[in-house]
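A.B. asks: One line per chain: the protein sequences are X and F, in this order. Here the first sequence is numbered in the UniProt record's numbering, starting from 1 and rising by one per residue. Here the second sequence is numbered in the UniProt record's numbering, starting from 1 and rising by one per residue.
Simulated from the structure, these hints should not be mistaken for lab results. One or more of the hints may lead you astray.
One side only, chain X facing chain F, incomplete, derived with CB under 7 Å [unchecked claim]:
#1 Leu11
#2 Leu43
#3 Pro50
#4 Leu54
#5 Val58
#6 Ala729
All C-beta atoms, glycine included, are put in the ideal place defined by N, C-alpha and C.
What follows is each chain in one-letter form.
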Amino acid sequence: MHESSEQSIFLEALDLESAEARAGYLDKACAGNAKLRASVEKLLGAHVLPENPLDHPVAILAPDSTQDLSETLQLNRPIVEGPGTLIGPYRLMEQIGEGGFGLVFVAEQQRPVRRKVALKVIKPGMDSRDVIARFEAERQALAMMDHPNIARAFDAGTTATGRPYFVMELVRGVPITEFCDQHELSLRQRLEIFTTVCRAVQHAHQKGVVHRDIKPSNVLVTLHDETPVPKIIDFGVAKAIGQSLTDKTIYTRFTAMIGTPLYMSPEQAEMSGLDIDTRSDIYSLGVLLYELLTGSTPFEREQFNSVGLDEVRRIIREVDPPKPSTRLTTVAAALSTRSATRVRNPQQLSSAVRGDLDWIVMKALEKDRGRRYASASELADDVRRFLAEQPIEARPPSQLYQLSKFARRNKAALVTVSLIAAAMILGTAVSLWQASVAFGERNDKDAALQKALRLQQEADAAREEIAQFATTMKEANVLVTSGRAHVDGQRWAAAYADFTEAIKRQPNYYNAWTERASLEVKLGLWDLAARDFSQAIELGVPEDNPANWAIPQLFLLTGDTDTYREYCTALLQQAEQRGERPSMSLIRSCVLASDPVGDPEQLAEQAVEFLAEMDDEHAQESQRPPRFAPWDRSGPPVGGPLERTDGRPPQFRDPGRPRDGGPPRPDEFRRMRIPRGVILYTTAIAMYRAERYDEAVASLKEALTDDRWRNMQPVYPALAMAYHRLGDADQAREAFERSQQEIDALTQSMEQGPVGSMPIPWFDWIECQLLHREASILLTGFAPADDPRLREIQQRGRRQIEAGDASF
Amino acid sequence: MDDDVTQILQAIDDGDPQAASRLLPLVYDELRRLAARKMSQESPGHTLQPTALVHEAFLRLIGNEVADQAAEQWDSRGHFFAAAAEAMRRILIENARRRKSVKRGGNLAKNELQDGDALLDPDDQDTLLALDEALTRLAALDDDLARLVQLRYFTGLTIDQTAKVLNVSPRTAKRNWAYARAWLRREMEDTE
Numbered sequence: 001m002h003e004s005s006e007q008s009i010f011l012e013a014l015d016l017e018s019a020e021a022r023a024g025y026l027d028k029a030c031a032g033n034a035k036l037r038a039s040v041e042k043l044l045g046a047h048v049l050p051e052n053p054l055d056h057p058v059a060i061l062a063p064d065s066t067q068d069l070s071e072t073l074q075l076n077r078p079i080v081e082g083p084g085t086l087i088g089p090y091r092l093m094e095q096i097g098e099g100g101f102g103l104v105f106v107a108e109q110q111r112p113v114r115r116k117v118a119l120k121v122i123k124p125g126m127d128s129r130d131v132i133a134r135f136e137a138e139r140q141a142l143a144m145m146d147h148p149n150i151a152r153a154f155d156a157g158t159t160a161t162g163r164p165y166f167v168m169e170l171v172r173g174v175p176i177t178e179f180c181d182q183h184e185l186s187l188r189q190r191l192e193i194f195t196t197v198c199r200a201v202q203h204a205h206q207k208g209v210v211h212r213d214i215k216p217s218n219v220l221v222t223l224h225d226e227t228p229v230p231k232i233i234d235f236g237v238a239k240a241i242g243q244s245l246t247d248k249t250i251y252t253r254f255t256a257m258i259g260t261p262l263y264m265s266p267e268q269a270e271m272s273g274l275d276i277d278t279r280s281d282i283y284s285l286g287v288l289l290y291e292l293l294t295g296s297t298p299f300e301r302e303q304f305n306s307v308g309l310d311e312v313r314r315i316i317r318e319v320d321p322p323k324p325s326t327r328l329t330t331v332a333a334a335l336s337t338r339s340a341t342r343v344r345n346p347q348q349l350s351s352a353v354r355g356d357l358d359w360i361v362m363k364a365l366e367k368d369r370g371r372r373y374a375s376a377s378e379l380a381d382d383v384r385r386f387l388a389e390q391p392i393e394a395r396p397p398s399q400l401y402q403l404s405k406f407a408r409r410n411k412a413a414l415v416t417v418s419l420i421a422a423a424m425i426l427g428t429a430v431s432l433w434q435a436s437v438a439f440g441e442r443n444d445k446d447a448a449l450q451k452a453l454r455l456q457q458e459a460d461a462a463r464e465e466i467a468q469f470a471t472t473m474k475e476a477n478v479l480v481t482s483g484r485a486h487v488d489g490q491r492w493a494a495a496y497a498d499f500t501e502a503i504k505r506q507p508n509y510y511n512a513w514t515e516r517a518s519l520e521v522k523l524g525l526w527d528l529a530a531r532d533f534s535q536a537i538e539l540g541v542p543e544d545n546p547a548n549w550a551i552p553q554l555f556l557l558t559g560d561t562d563t564y565r566e567y568c569t570a571l572l573q574q575a576e577q578r579g580e581r582p583s584m585s586l587i588r589s590c591v592l593a594s595d596p597v598g599d600p601e602q603l604a605e606q607a608v609e610f611l612a613e614m615d616d617e618h619a620q621e622s623q624r625p626p627r628f629a630p631w632d633r634s635g636p637p638v639g640g641p642l643e644r645t646d647g648r649p650p651q652f653r654d655p656g657r658p659r660d661g662g663p664p665r666p667d668e669f670r671r672m673r674i675p676r677g678v679i680l681y682t683t684a685i686a687m688y689r690a691e692r693y694d695e696a697v698a699s700l701k702e703a704l705t706d707d708r709w710r711n712m713q714p715v716y717p718a719l720a721m722a723y724h725r726l727g728d729a730d731q732a733r734e735a736f737e738r739s740q741q742e743i744d745a746l747t748q749s750m751e752q753g754p755v756g757s758m759p760i761p762w763f764d765w766i767e768c769q770l771l772h773r774e775a776s777i778l779l780t781g782f783a784p785a786d787d788p789r790l791r792e793i794q795q796r797g798r799r800q801i802e803a804g805d806a807s808f
Numbered sequence: 001m002d003d004d005v006t007q008i009l010q011a012i013d014d015g016d017p018q019a020a021s022r023l024l025p026l027v028y029d030e031l032r033r034l035a036a037r038k039m040s041q042e043s044p045g046h047t048l049q050p051t052a053l054v055h056e057a058f059l060r061l062i063g064n065e066v067a068d069q070a071a072e073q074w075d076s077r078g079h080f081f082a083a084a085a086e087a088m089r090r091i092l093i094e095n096a097r098r099r100k101s102v103k104r105g106g107n108l109a110k111n112e113l114q115d116g117d118a119l120l121d122p123d124d125q126d127t128l129l130a131l132d133e134a135l136t137r138l139a140a141l142d143d144d145l146a147r148l149v150q151l152r153y154f155t156g157l158t159i160d161q162t163a164k165v166l167n168v169s170p171r172t173a174k175r176n177w178a179y180a181r182a183w184l185r186r187e188m189e190d191t192e
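Could you put the whole structure together from the sequences, leaning on the hints where they help?
C.D. replies: Pasting the structure below:
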């Protein structure tokens, strides 16, 4: 054995102290085998390399690296002080909230008056005396605030465990954004509540109190006799907590305490600390208004989530967020279910917001606070003027300023113009608006469209550019068509080059992305395919296109479980909103993960229903000749799947394209009959996830009897798991071994066949691997070893497209 | 299905091949729970030692009296540690993958940043993932070596303890460790 001799030579050499002795020994031990010699020498080199991560057992650092781990583990932070605890004259009752700074409880005050209050216990990490001292310093000012829309601050102190706490008027409301969504408030109603909030902030400012932490969870709304009443809580708290945190020495602590930066003004992000005034609150009000209008904050959570603290601070200080109307036009395309519920009709809303409201929000959000509204009441006044349809004070930036901005966005504008032109030239029935929604530039699209239309009317010069860009669009189309032809002819490099060029010429054309992804899938380049598909999804590729089936499984295979979950969840919710049952392919996607999306019990029932309907239909149509789906190879079955892969690999026709020349229309697909085995298999996986193992086994066994379905390889690992759960070790092992054989056979067929030959549809192959891996872990405790042949197959595929890269 | 860890350990000792796979999920769940609770209690900058976690999980799952008896019986305890090492590895790798996909961003990956969340500089999980891959390759080559590394790295056992768990002499464990350690390092350097 090569490796074991490598091991013994290495250990032997290690025992020899001098370099000469080692060299001499190696000369002898590896005589004539230069490769072995090199690998042992590499080992000896690795042995003495410093900083071997293996020298220290893995350690888990709290809380930095565990922040995410605790999310992974899906557990909340502990309640430190709990119901029943007595803090000063207050007895804690139930916990009503948890924020960045601490826990909020309902507490009963015993003396001097008996009443219920809100008591906020601050999390550890600050000097209690400082916090209390600052609160005391501002207490006078806080006491002077008397406004129906501001929660009163009563008291502050230190708990027995040394944590600062604040006592405030108890407000039983929901965050303003949630309230507006829950009650589906109209634009006007939202703006009216917002002006009330502004007036309250103005009142506090007049008493010399700056809030410093205005955000939806600090603006609670309750219903009083059917009238929504907003109340701002936590006045005085942020300031009391905040100031000590500007010291560099507790920088790390700051990062742990800062909470959300989404509502933070540029000067707060600066962290100079001394320089916060009422205008920071104006900025935060601007963010709040932005969110009320669009359903998202100017900078999105995930944008901040994916970068470090310094980058977040830079973004807040330097980057201009998109205007609310621009954001709204992209909401429609986005998969964000959160925004979708918040904004019921983004496009309609977008046109209402465009113009005046855009300028009001953007003025509040100015980076330079000198350019913001001077007071909260000025902001409220402008919103009022808008509601009264009077001219507002906020103005769009000057012509010069606009011109320079337009120059920056020129590229986007021209792309849009080209889309318009292309739409006209191609004579489609698609309206310009739809064209822009479908292909549009995500952020600047709307602004660009407006500019572009104006340009078109005003300047003849633009026409040339239109024509030129229409050409690009046409070229991209031609390239995609040509790429498809190359795919059909199995000229992978040429196809890849065509798709890549099409993407380069027209990056917003999702067809180019999906076509390239489909090609990558054929070549087994899962990571690349997942990347391209997610790009296409972002550009708004329709979800119900059969060519997009099983994309979630692809994300699962590449380890991107977040995207997998996100996409499946969005599709499930879409189906629910339309009042439709999820499609079989969606059910299949949802239950494929060991931690399935949705309720497996329900999905299993839906699959069973589908099966029953199908059987009914079949009984009625049995006289008519069946219509075969593409995965049904015509002709009678020849043996089982295992035998079939022997000899020459059968040609696989992509299910996304049953006819030559483009994907099938959805209705064509609906008519094609999914093999009963596939339905049974999907149902069985759902049953398995719902822990109905007996039924899972029964369905899987029945699936194996469907001779119309040939790609039943994924059934075996599923069967192995189900048997295992039932405690039938022998059957489980047998099925698992069969699964291993099937995978071997498929691998061998791919390895021996030409590049891009996959004996079964790619999604079946992916599911084989996913389920086999899961089964292996379940049965043996270990993931299956990497198969070097698969790596080789991938590399072959990669070389193909690299050849394509070099060709242009 | 038998859910009692003591009985499962007994069954493993009695040679039941299926028993080991029943052990893993139990240990895995317990470690997850324990890690989550521990982390939430620790102050910033504190490190959690997997060794401590695993020992505590053992005590909790086995129960105190039995644990006292079993304390020196590395035979049955060994199976437990093997499962714990595997469970730790999975938990940490899941976490690392998740974090990586968060960092990779993608507009689809909508990770809720809660109001209560701290903002943190993302630390590097690549080493862990690279090690995991290398370890998988090592397992394909020599399962025992991979098990050894897993025990040492993910549960923090000493060489001597590892030797007992794997039922080999300390000298063998030490030499195997030297080889596996260098092998993995070479593998990780090569892939970079």
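A.B. asks: Hint by hint, say whether it matches the structure.
C.D. replies: How the hints compare with the structure:
With its C-beta approaching chain F no nearer than about 5 Å, Leu11(X) sits inside the 7 Å limit, and its interface hint holds. Hint status for Leu43(X): holds, given a least beta-carbon distance of 5 Å to chain F, under 7 Å. About 10 Å separates the beta-carbon of Pro50(X) from the nearest beta-carbon of chain F, more than 7 Å, and the hint is not met. Look at Leu54(X): its Cβ gets to within about 5 Å of chain F, closer than 7 Å, so that hint holds up.
With a cut of 7 Å, the hint placing Val58(X) at the interface with chain F holds, because the nearest CB-to-CB distance is about 6 Å. For the restraint placing Ala729(X) at the interface with chain F, the shortest Cβ-Cβ distance is roughly 5 Å, inside the 7 Å limit, so the hint holds.
This entry does not satisfy hint 3, going by the numbered hints stated previously; all others are met.
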